[in-house]
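Heads up: the sequence lines are chains F and R, in that order. Heads up, the working numbering is the position in the first sequence plus 995, with the first residue counted as 1. Heads up, the working numbering is the position in the second sequence plus 242, with the first residue counted as 1.
Just so you know, these hints were derived from the structure itself, not from any lab. Careful, some of the hints might be misleading.
[Said to hold, decoys possible] Below, computed lysine to any residue pairings styled on SDA-like, alpha-carbon distance capped at 25 Å: (1) Lys299/R - Pro1003/F; (2) Lys344/R - Gln1012/F; (3) Lys278/R - Lys1008/F; (4) Lys301/R - Gly243/R; (5) Lys298/R - Tyr1096/F; (6) Lys293/R - Pro1003/F; (7) Lys344/R - Phe1064/F; (8) Lys312/R - Gln256/R; (9) Lys278/R - Pro1056/F; (10) Lys278/R - Pro1003/F; (11) Lys1008/F - Ser268/R; (12) Lys278/R - Arg1017/F; (13) Lys278/R - His1005/F; (14) Lys278/R - Leu1034/F; (15) Lys344/R - Leu303/R; (16) Lys299/R - Pro1056/F; (17) Lys344/R - Ala1082/F; (18) Lys312/R - Asn1054/F; (19) Lys312/R - Gly282/R; (20) Lys278/R - Asn1025/F; (21) Lys344/R - Gln1039/F; (22) Lys344/R - Asn1066/F; (23) Lys344/R - Arg1046/F; (24) Lys344/R - Arg1052/F.
[To be verified] Covered, in the sense of this in silico footprint (three residues per stretch, anywhere, with C-beta under 8 Å from a C-beta of chain F), are these stretches of chain R: (25) 257-268; (26) 342-349.
Since the structure is predicted, the reported quantities are computational estimates derived from the model, not experimental observations. Glycine is no exception: its CB is placed at the ideal position from the N, C-alpha and C atoms.
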Amino acid sequence: ETGVTQSPTHLIKTRGQQVTLRCSSQSGHNTVSWYQQALGQGPQFIFQYYREEENGRGNFPPRFSGLQFPNYSSELNVNALELDDSALYLCASSLAGGLVYGYTFGSGTRLTVV
Amino acid sequence: GQQVMQIPQYQHVQEGEDFTTYCNSSTTLSNIQWYKQRPGGHPVFLIQLVKSGEVKKQKRLTFQFGEAKKNSSLHITATQTTDVGTYFCAGLGGYSTLTFGKGTMLLVSP
C-alpha cells in the first residue's frame, strides 16, 4: 500500500500561465478528490472523480478542470493562473466515497503564482 | 450550501492540560469526519461519526456527535507535545464530498 502520491511537491508559476498537477491514488481506491488549502484555512473542495467521471464540483471557476484515468490516477489543470491561486493543492482518494475509512490525503503540491 | 464552523481558532495549552474543539454546521449532517494536520503536513483521517449522540474514543481523544447531528466536539485529555497540529471537522455532503471547517490550531508547551 503506497498511499496517495502527488507531483510536483512545489511549483512556481507566473500569472496567466497554465499548470497541471498530478495524483496517484492509493491502491484500490476508485474515488479521487481535489482540494485547495490557502494558508491558515481548511481545505476547500474543488471537484471529485469516480470511475473517470466528475461527480461533484465545488465553487471554483471553469478554468479549474480535471481528469481521472483508468488506473484511477488524476490530474488537476488550472488555466490563466491568478495570484489568489497560490495555495496547497491536496489530492485525496477513498474507497466507497470515504464512508468507512475516510479519505487518504497526499502530501500536496505547493503552488506559488507570482 | 453547507457551512461548517469551528471554535476556537487557536489554543495554546501546557502539556497535561485538556483541550476541546467544537464544530457546528448550518445544516444537519449525515455524518462527520475529523482530521488532524501536523504543521507542514497533510490532513490525516482520525474518525467518522454517523449516529445521533454517538461518542467514540481513541486513547486520549473523545469524539462526540450531537443529538441533532448539527454539532460535534473533539476532546483531548492530558495533552502531549505530539498532539500539536490543526484539527479539522468535515461534514459529508453530496457524493460524499467533504466540507471542512477552518480548523483549530493546537499548540502544546512542554
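Query raised in the report: Going back to the hint list, which numbers does this structure go against?
Result: 1, 2, 3, 4, 6, 7, 8, 9, 11, 16, 19, 22, 23 and 25
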